[in-house]
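A.B. asks: Listed here are the chains, written in short residue letters.
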Amino acid sequence: MKKKILLATTGSPASFGAARVAFEMAKRYDAELLLFHVAGVPKKGFSYQEVNDVRSQETVQVDDDYMAWVEEELKNTYAKQLEECKNARIILATGLPHREILRAARDEDVDMIIMGAHSGDSSDIYSKGYPGSTLQRVAKAAKCPVMTVHRESASYMGGFSHIVFATDFSKQSESAFKYALSMAKEFDCEMTLFHALDITSKVLAQSDIEDKLITLRKRLRDVYGPKMGDFKNFEVDVWEGNPYVEIVKIARERMADLIVLAHNTRELDPEQARMGSTLEQVLLRANCPVVSVNRPDKV
Amino acid sequence: MPEGILCNKQPIVTDEQLKLTLGDKSGKQYYAEMEQLEVDTDKLWSTIQNTMKSRLKTWLNICAKCGLCADSCFLYECNDRDPRQVPSAKIHATLGEIVKRKGKVDNAFMRKCMDIAWSWCTCCNRCGQFCPHGIDMGVMFSYTRGLLFSQGFVPWELKIGSGMHRVYKAQMDVTTEDWVDTCEWMADENSEEWPGLEIPVDKEDADIMYTLNAREAKHYPEDIAEAAILFHVAGENWTVPSEGWEQTSLTIFAGDWEGCKQQVLHVYDAIERLRPKRVVGTECGHAHRATVIEGPYWAGREDGQPPRPYIHYVEWLAEMLRTGRIKIDPAKRIKEPVTLQDSCNYVRNQGLKNITREIMSYLVEPGYFVEMAPNKEYNYCCGGGGGFNGIGKYRPQRNIALLKKREQILATGCKLVVAPCHNCWDAIRDLEEEYPIGIRWSFLKPLVIKMMIVPDHLKPQDEEGEEE
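Each protein sequence line maps, in turn, to chains Y and E. So in this note's numbering, the last one in the first sequence is 610, and the numbering has no gaps at all. So in this note's numbering, the last one in the second sequence is 513, and the numbering has no gaps at all.
Rather than coming from a laboratory, the hints here were simulated on the basis of the structure. Treat the hints with caution; some may be incorrect.
To be verified - Simulated crosslink set (SDA-like; lysine to any residue; CA at most 20 Å straight-line): (1) Lys495(E) <-> Pro375(E); (2) Lys355(Y) <-> Pro481(E); (3) Lys64(E) <-> Lys482(Y); (4) Lys504(E) <-> Arg606(Y); (5) Lys482(Y) <-> Lys73(E); (6) Lys438(E) <-> Trp550(Y); (7) Lys73(E) <-> Asp376(Y); (8) Lys306(E) <-> Glu281(E); (9) Lys73(E) <-> Tyr377(Y); (10) Lys70(E) <-> Lys482(Y); (11) Lys355(Y) <-> Gly437(E).
What the hints assert, rightly or not - Stretches of chain Y that chain E covers, calculated by requiring three or more beta carbons in the stretch to come under 8 Å of a beta carbon on chain E: (12) 349 to 358; (13) 406 to 413.
Owing to the predicted nature of the structure, the values given are computational and were not obtained by experimental measurement. We treat Cβ as the ideally placed atom computed from N, Cα and C, and that holds for glycine.
The whole structure should be built from the sequences, with the hints applied where relevant.
C.D. replies: Here you go:
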C-alpha cells in the first residue's frame, strides 16, 4: 500500500468525507498521514503576517499563537480519528491553497493527495486572479494520484471491492490505468474498464451507435487486455451518453467503491473548465471516492 | 526613550531582528515605541545638508503654491478635495517644514510626516506633469521618506521589507536554495505539457537573463513557469541567476537608500557574472524603476545605465509578437471589452505607453480595447502604489484611494482589466474585494499562453485524446 498520504483539509464539514477516507486508509494500510491545512491567503500584497482566514474569511494576524490555535482546532476536529491513527502529522501553511498543497506534496514526496471537491465558496476573491479551483490546479499538476471525496455519503468505509477505471484513451489515461490495475491487484477486487461514448453533441442513428460501441469495446480489450497480466477479475464495457453521467451510472450499478480516471483537461479558466470537465462532474456526483491520475511518477 | 527595541534608527540587518519585528502583532509594540522615539535633530539637519541637492532646494523655493497640482492628485480627489491633500501643501507641511526649522522637529511632527509621506502620497509622480515649474512631489516625497527612515519613522511593514532585502536579498524570506528549488519544481511540473521546458540557472553568456519579484517564488511560482513557457516558445536562450534574481526593491518604498543600493548591486553582480546579452524583468512596475531607471544612479554607474541593456517584460513581449516569434491565434483573441492599467513606474517614469498598446493590438480583437480616461502617462495610480498596498496602518486610507481606479474602470464598462504590474494587479484585486464591481484582472503572461499558437514541434508528442 502507499506509504504517505497527504490529506488537504479545510477542517470544515465540506472535507469530512475526505478526512474519513484518509484516516481509514492510513489506518488500514499503515500509511503515514499528513494532515495539511492552509490557514489563510496572505493579504497586503502577499506581504507579511496578515492573512484572510480560509474558513471565516476574516483578516487575522498570523503568529505562533494563531497557528497554535489553528492546530488545536484541527486536533479537536479530528480528535477521534487522530487517537486511532498514531502515524499522523499536522502541517500548517499560509498561501494560495493549491500552490501550498502542491508544494507540500513535493517537499514530503507523498504517494497520494486526498481532498474534498471544494471548500465551499467558489467565488472567493483569490481564485479569480488565479484561474482554476484548488482541485483543478492540484489534480492537473500533482505528480501523485489525487483522491477526491465530495460528500460524506461517498466516503469509504472499508476495503475496496470494485474499481471502475474510466478511460478516454488519452496518454494520461495510461497512468490512471496502471494505478487502477495496481490497486485492483493489491486489494484483489473486481475491475471494470469503461469508456463512455460521447453522443451529446451529435445526432447518430441507433445502428451507428451500436457499431461504435462494438468497435470501442474491441479497442478497450485491445489496448488494455494485453496489459492485464495475470489479473483476470475484470470486464470491459462501453456505454453511450454524456460521459460523466455514464461513469457515475456504471459505478453505481457495479456498486463500485472507487473510480479512477485521468484528469487531462488543459483548460484552467474556471468558467470554461468547471462544467466541461468530466472529472469535476464525476467527483461531484459519484457515490464513492474518485482518484484522478495525471502522471506516471507515482503509480 | 532615545530608541526602541523594534522601532529605532538602525535598519534590520539580522534574521533575529527580522523575526522579532515580524512577531510584533500588527506592529503594536513598534508603533508604541515610535511614540517615544527621539528625533536626532542634529543628524537630521546634517543629513539634509549633505543630501538635499539644488534641484529639491530650488523646487521648495520656487513652488508658488499656485494649486495647479491639486487636481492632478487622485488622493486629493478621493478625499473630498481636502486642501491639505494638495500636493504642494503636503510637501510644504512635511519636508518644507523640516527644512524651514533646520531639522528642529519633534516626535509628533515626525509621526505626522510619516502619515503624510506614506498615506497621502504614493510617489506616482503624476503631479509633476501639471506643475508649471515641473516640480515633482513624488520625487520630493521619496526623498522625505529617506529622511524619515533614517530617523526610524517608517511604517512597520516597510521596516520589515527593507530588512528582508538586507537579510535575504529579496523582499520575502526566499533563500537561494528555495529559489533554485522553485525553478526545478516549475520546470518539472510543466515538463509534460511542454516537452523540453527548462529553467536554466546560472547559464553564462545567454541571450537573456530574467529577473523577477520574490512574491512569484514565494506564492505564485506559476508566473515563473509562464515566463519559462514563453521564452521556450519564442526559442530564447535564457537563464535566471541563482543569486541576484530579485528585481524588486521594497527599500525604495521604505526610503532605505543604502538598502536600495545593496539590492540593485546584487542584480548587477549577477549580470556581470553571467554576462547575458540583455536582461528582461518581470511584469512589475517598481522593480523596473528600482533596477533600471533609478538603480544605475544608486549603484553609482556613471552612464546612468545598468551593466547590460535591461528591458521591461512588455518590451520583450511586444518584440516577440511583432517579429512573430510568438504568434497569437486570431480565433482566440479577446472578444470582450478589455481595458489596460498603465503602471506609473514604467509608463509615466519610462514612457512605455505605446508598447503596451501595441501588445493589446495583437491580443484583442479590433474594437474591444477600451482606454481608461485619463490614460498613458496621465493615468492615475492604481491606488496602492509606493508601498501603500502593504501597510496595515494605512489600510483605511488605501481603501479610499482605490475609489479613483474604481471610477475609471467602471467608466470603461469593461469586466477584464489587464494589469502588467504586481502592485496594480494587487490593488485591482483588492478593489474587487473592497467594492465588488464584478471585474477580472490578469497579467499578460497567462493571457498570451492561452492565445498563442504553439508550434507543432513544441507540443507533447503522442497526445491522443478522445477518439470521437
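A.B. asks: Report the numbers of all earlier hints that the structure fails to satisfy, in ascending order.
C.D. replies: The structure breaks hints 3, 5, 6, 8, 10; every other hint is satisfied.
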